[in-house]
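Chains as they are written, first to last, in UniProt numbering: chain A, 1 to 295; chain B, 1 to 428.
To be clear, the hints were calculated from the coordinates, so they are not data collected in a lab.
C-beta atoms are modelled at their ideal positions from N, C-alpha and C, and glycine is treated no differently.
Careful, some of the hints might be misleading.
What the hints assert, rightly or not - Label-pair distances were calculated between CB atoms; the ranges are:
1. N173/A to R3/B: 45 to 53 Å
2. H7/A to Q426/B: 18 to 26 Å
3. L66/A to L278/B: 44 to 52 Å
4. Q185/B to G69/A: 55 to 63 Å
5. L20/B to L66/A: 43 to 51 Å
6. P13/B to K228/A: 53 to 61 Å
7. L320/B to A126/A: 24 to 32 Å
8. Q426/B to G213/A: 15 to 23 Å
9. I352/B to N173/A: 34 to 42 Å
10. S11/B to D181/A: 34 to 42 Å
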Amino acid sequence: MELNMNHLTKKFGDFTAVDHLDLTMTQGVYGLLGVNGAGKTTLMRMLCTLLEPTEGTITCNGKDILKMGGDYRKLLGYLPQDFGFYPEFTVQDYLLYIAALKGIRPAVARRRVKELISRVGLANAAKKKMKKLSGGMKRRAGIAQAMLNNPKILILDEPTAGLDPNERIRFRNLISELSEDRLVLLSTHIVSDVEYIANEICLMKDGRFVHQGTSEQLISSMTDGVWKCTASKEQAAFLMKKYKVSNMKTGAHGIELRMISRERPLPDAVREEATLEDLFLYYFGEKAGEDHAAI
Amino acid sequence: MLRFELKKVLSKPMNKAALLLLAAVLIIGSILTIRDVTYVEENGNHISGPAAARHLKEDKNKWKGELTEEVFKEVIRENAGINAIGQEDRTLDSEKNDSEKSGSEENDSDRIQESNRIDARTQGFSDIRQLLNLAFCEMHNYDYYRADSLSQEDAASFYERRISGLKDWFESEEVKGSFSEQEKQYLIGKYEEMKTPLYYEYADGWKALLDSQYLPTLMMIVVLIIGFLVSGIFSDEFLLKADSIFFSARHGRDRAVVSKMGAGFVLITLLYWGVVLLYSLIVLGALGFGGGECAVQTGLSNWNSIYNISYFQDFLLTVLGGYVGCLFIMTISMLVSAKTHSTIFAITVPFILTCLPPFLGRIEMLTRIMTLFPDQMLTINKNLEDFALYSIGGKIFGAVSVMIPMYVILFGILFPVIYWVYRRAQVK
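I would like the entire structure built from these sequences, with the hints used as guidance.
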């Protein structure tokens, strides 16, 4: 299985959401990391044939996915960011309906639905109406629908957004389990999600890939260092203006800062190992700060 | 897939409420229609509904058969006899009342009761008496008492009067210049084609069903409620944000779209026919199925009709036309839903197409074009007397003969467009 993007571009009027992307994906987990508005969702929608590119193509094993139509979509499992459902349907009915949409024969669908309901931990909620489910349960129903056809390509758009820490860890583990033998593309602005499960990460900014590689490769690409130091209130204010600060903690001896800088910011600053969160801040700067608040 | 599409529509609480409303309208409409049939008992009291229908049937079927010259003579004779007796009774009562309780409310009530008693004697031939009124009055100038002034010799010209009345009407100031010579000949031809003598029997069940405003009103409500149900079939995917999963599924852009169209078609068909047939069965069951083979011209509302059909054929034409109109209106509503992704816009379509034309039709310059609007398909039974004519390829056709095929064709063209529009939808 090989999915290729060739000069992929999507414009909405004058705004270019996705700008000449080229990428080849094979089996494995790909993390798409970027701030809100970077073009991740637009890219995923094009990969799911929900949007037609303005320029460029997406090919699956050399064939244009738009021309493949249903033959491509039968390989696809998709969990969108705004996961919508039919509120009056029970979980079971909802999954049976999606199974029908995916062209799964009723007898097979019933078996598969039962199996997936149990796998995502919704066995006790199978007869519950979708509108009665908690946010985490809805997401699990969402991943179950994406997995119904045992897809070769699994596309997950911000799958852990809005989940509490427990649910997020649980969901992350579930995605890890499901990622065997398939191509998984996971988009998020939550760094820890991709850090744990992605084999390859693409950093996306203003519709372009600014960097791609493994977590280690990306971190080693940073030319600036990560420093940790304790500063007074006045010093901290000055440092925050001058450097990108990835963490800040007020303690008994002053304010402990973690920042990214080419030179040593203070004489007593200590060099630290860079993490993916530092990298995120390094590439996305101030915009990333807002999103980091959610991590 | 179709089952789930239907379930999506029928499980929505608002749609359940709409169905309950439809059931209530059906019940109320049936009751009102049945109660419209009234009978005056010998003592002057009115009764209505199935009991009235039984009495009327008994009285009217004494006149069952072909309406020949002899029958009209008999009706004129009997009507004159009853009028004479009534006149005597009224004179006696008047003298008695004048001497006893002049001017009191009781006096008025007694007079009404007496008048009712006289009317009760004419109920058996009241339909034929009305036909005499219609035949011997000027067109569109109905006089209820015209039959009272007819002599038995007039009976011979009953059928001729219908045609000569039409010809006289063409010469009147009212319509001068409204019809071309070809149109006049077409209308006269249609009048001449009517099979005479007319066959008559009790048909008050059919008349209550087809000659009243209840059926068109019910059809309009059915259209509005079905519109409410089907308007969300396509747009709700976007409203619920279920569009991404729907369109990214294997059959999201082919079979699933067909299923949605199928769900719309099934809902329209089942609800329309369910309500219309149930209503018809209730009304005819209560008032009687007899008289279906009588020509529509035997009814007060259709004397001037150019459509030479029976009440049963009128029924078939009306319900079939209503179905075609309903299909067309719902197709437009679903198309708007599929194109705009807005349920609100889609819901307004049936309102615009059914409720607005009657008002716009009052604007003189729009009157003619409005006769071709789909709301007319829901009122075929009320339009049988219309002289709306259309010339196609040099041939003249009545509006009903044009509209049903026209809307069948339009439906056939537009329905597949829904598929074409929806399968190309982009999720932005």
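Here's how the hints hold up against the structure:
1. Here the CB-CB span from N173/A to R3/B is close to 35 Å, at odds with the stated 45 to 53 Å.
2. Taking 18 to 26 Å as the suggested C-beta distance range, the pair H7/A and Q426/B conforms, at roughly 20 Å.
3. At about 48 Å, the CB distance of L66/A to L278/B agrees with the hint of 44 to 52 Å.
4. Between Q185/B and G69/A the Cβ separation comes to about 58 Å, which falls inside the hinted range of 55 to 63 Å.
5. Taken as a hint, the range 43 to 51 Å holds for the pair L20/B and L66/A, whose Cβ atoms sit roughly 45 Å apart.
6. Between P13/B and K228/A the C-beta distance comes to about 57 Å, which sits within the given range of 53 to 61 Å.
7. At roughly 45 Å, the beta carbons of L320/B and A126/A sit outside the given window of 24 to 32 Å.
8. Checked against the given bound of 15 to 23 Å, the beta carbons of Q426/B and G213/A, roughly 32 Å apart, lie outside it.
9. At about 54 Å, the CB distance of I352/B to N173/A disagrees with the hint of 34 to 42 Å.
10. Separation of S11/B from D181/A is about 37 Å and conforms to the stated range, judged on CB atoms against 34 to 42 Å.
Hints 1, 7, 8 and 9 from the list above are not met by this structure, while the remaining hints are.
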